[in-house]
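Asker: Residues per chain are reported as follows:
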Amino acid sequence: MQAVSPSILVAVDDEAGPALRYAVDAARRAGCAVHLLHVVVPGSVASATGIGEQLLHTAAEHAEVLAAGLAPVSTELAHAGPVPDVIVQRATRARQVVLQRRSGPGHELTEGSTCAEVARRASCPVVLVPDPQQDTGPATGTALEDLAGLEVTPVGPGVLP
Amino acid sequence: MSAVVVVGVDGSTESVRALRWALAAAAERHWRVEVVTAWPHTGPVFVREVPGHHSDARERARVAQADALRRALAETPAAVPVSMVLENARPEDALVLRARGKQLLVVGTSGGPVEEHRTGLAGRCRVQVDCPVAVVPADVDDARILEPLARAPG
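Just so you know, the sequences run in chain order G and A. In this text, residue positions in the first sequence follow the numbering used here: the first is 850, and each later residue adds one. In this text, residue positions in the second sequence follow the numbering used here: the first is 19, and each later residue adds one.
Do not rely on the hints blindly, as some may be mistaken.
Selected chain G positions facing chain A (Cβ under 10 Å, derived; list incomplete) [to be verified]:
| no. | residue |
| --- | --- |
| 1 | Pro-867 |
| 2 | Ala-868 |
| 3 | Arg-878 |
| 4 | Ala-879 |
| 5 | Ala-929 |
| 6 | Gly-930 |
| 7 | Gln-945 |
| 8 | Val-947 |
| 9 | Arg-969 |
| 10 | Arg-970 |
| 11 | Ser-972 |
| 12 | Val-978 |
| 13 | Pro-979 |
Calculated directly from the structure, the hints in this document are not laboratory data. Built from N, CA and C at the ideal position, the CB exists for glycine as well.
Make a model of the complete structure from these sequences and hints.
Answerer: Pasting the structure below:
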């Protein structure tokens, strides 16, 4: 399958499970490629490159299964930094950037800086995917008016205190 | 019941662009769009409501919301069901609440200082919302918005 539009870029760090699934699903819907990026910042320990290659290999295998042949999968190990700069630069060629949102001890600072930086500076939409993801039913509303040919439904009153 | 894309709209150019992207994303997935406008707001359109008295702030919010939808639809004619929500609350509180259990939250951004991004609307939504959050830049080109509509049926 030939990529006909800019790819969806997903940053892969330790285990970008939900983000990878979101990115592959979006790529399948869009009919475009999904590009897996792992960044090794200069000055990292010597084993970082090998670890990064293995991460990308595992993630690409997972992505190929999820894509089921409907979205080409490519990988890139970038030796550059800082991480947000690399992602923002690659975003100039991407249709959308997908990042894994981390939470919990040890993740808040790095997640905050990377996600905030990329969301602030990227030239394309940036989707931040939490882990785990809830999946419950949507709220309901009642039809009131039709605007520009669409079903437009005011929902209310507000449920905030 | 179809899945829902929640989008924060305050009438600004950035929010209209976010709404356009949300409409296109929903069309691509056959989802619904829920347009959330919160007031009072720090933007120029809205003023603080006087408790116990009728205020036209809500009406102005409603008009701004409807105008934003019209502007978005004029440029992004997506055939998706749209719900309109007005909340008398801080925008981030309203969006966090409305996005609960939904499939995607979309907010616009105009760039700005990084600290503002961490503590402002997008930052708070990014941290507190339990569904994926899409941050749409104001200068995203039309091709990235309109491309899904070229494939969406209807």
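Asker: Next, verify each hint and record whether it holds.
Answerer: Hint-by-hint comparison with the structure:
no.: 1; hint: Pro-867; verdict: 8 Å, holds
no.: 2; hint: Ala-868; verdict: 9 Å, holds
no.: 3; hint: Arg-878; verdict: 5 Å, holds
no.: 4; hint: Ala-879; verdict: 7 Å, holds
no.: 5; hint: Ala-929; verdict: 20 Å, violated
no.: 6; hint: Gly-930; verdict: 17 Å, violated
no.: 7; hint: Gln-945; verdict: 8 Å, holds
no.: 8; hint: Val-947; verdict: 8 Å, holds
no.: 9; hint: Arg-969; verdict: 4 Å, holds
no.: 10; hint: Arg-970; verdict: 7 Å, holds
no.: 11; hint: Ser-972; verdict: 6 Å, holds
no.: 12; hint: Val-978; verdict: 5 Å, holds
no.: 13; hint: Pro-979; verdict: 6 Å, holds
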